[in-house]
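**Student:** Here is what each chain is made of, one letter per residue.
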Amino acid sequence: MVYTQRFDGRKFDECRPMSAKVGVVERATGSAMFRIGKTYAVAAVYGPRGFYPQALANPTRGVLRCNYNMMAFSGAGERVRPGPSRRSKEISLVTEKALAPVLDLTGFPGTVVDVFIELIQTDAGTRCAGICAAAMALADAGIPMKDLVSSVAVGRIGGKIVLDLSKEEEDHPEGATDVAVAMSTRMNTINLLQMDGEISAEELKEALVLVKKGCEQIKQVQIKALREKYQQEAKHE
Amino acid sequence: MGLLVQDKDIVVPGQELAEGMDYLPSTDVLREKDKLVSMKVGLVSINNRFVKVVSLSGKYLPKREDIVIGRVSSIGLSGWRVDFGWPFEANISVRDAVAEFIEKTADLSKYFAIGDWVLAQITNVAGGGKIIDLSMRGPSVRKLGPGRLLRVTSAKVPRVIGKQGSMISLIKDATQCKISVGQNGFVWLSGEDPAMEAIAVHAIEKIEAESHISGLTDRMKAFLDAAVGVKA
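Going down the list, the protein sequences come from chains C and U.
Note that the first sequence ends on residue 237 in our numbering; no numbers are left out.
Note that the second sequence ends on residue 469 in our numbering; no numbers are left out.
Treat the hints as calculated values from the structure; they're not laboratory data.
Derived lysine-lysine pairs resembling DSSO-like cross-links, with alpha carbons at most 27 Å apart:
1. U:Lys245 <-> U:Lys272
2. U:Lys270 <-> C:Lys212
3. U:Lys443 <-> C:Lys21
Put together the whole structure using the sequences plus the hints.
**Tutor:** Pasting the structure below:
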């Protein structure tokens, strides 16, 4: 069976509706919310701050420490068990690896920058939404960055390459391939690529073209949210 | 070729600011091949050929000659350690503490005890911010007496102080309070009259909350006139 029409009526190369807001957690050094479809991520950044135990700190540069967490009530009805799991630890790690290449923490040796990502509501693409929120929160926290990081999933359903899968699509009876990608579009680098399923080399190339287009759209949403917060403040400097 | 932004534009990390070799990167600007790229959210400031970004957010980063407020956290053999809201404590050496001569065997807590708050000047930042020296010699720096301590976001400190100290003098004159603002976001204030102190605290909180809405100085004037008027 060929997947001819998407469940929610989107085009195959279209992201779900997005919105973003910067500065949602007032007591944090920096924070942001990112929504794509029904997936909501909130990220808060604290630091640079002292790293304890100090033996784990890097004496030449700051360390990025991410924590990804799905809230207990966030899923499709079944309660998410609180606390770290095999899955959340893995995602925390890949989030760190996706964000680290754009950060310049050489100015803060011996310190840690903590990023907490909470998923309030989930409908597929949570690690991508988390990375998008975290990138904005890091910029809001004034951490030096070479570029923003934008992230979206791409996949294959019934022979069709589709951008930004929803949960319904991920669970397609035909079987879906899901590739989560994070990119820094200015630097033209892929910071994260994780795949679940099967895809041919040609199809993957096609998929990455779609991802780049999606990431560029997401970046515009991120930039707009950052500007919205600072536009007014800057007027009176 | 040339500039891609204007002076005072808001930029975000990764935004290209200029092309070609005509411009040079300054604070928070990165050169990548022939492009200048912003590393922070901030305002572009162009000075001749130098392009810099004035950061609008984030934690206080210690700079030489800044005046900061901190708390004495421990006493060593030859000086004091001061916590001023930075991951690493700063050091005040005996030499830079007081004008008088201190004996090697003297009890240093006579001068500054643990828990005392001080207004001090940063004289040295080294080791990527790990080593910070403070000095208690010079005008305006001192041990802070009884008073109230507030914390504002360090990015808002320039708004609390105002142009050439206009905003802070406005509050000082209206409330007759002594106020010291540290660049690290700590504000110390003390007045004869507790009611006036409360008005000053309120005023500083108001600046922090409303600094992004235009006409701040006029609004603060009106607020202080009304608040002090009611009291008198």
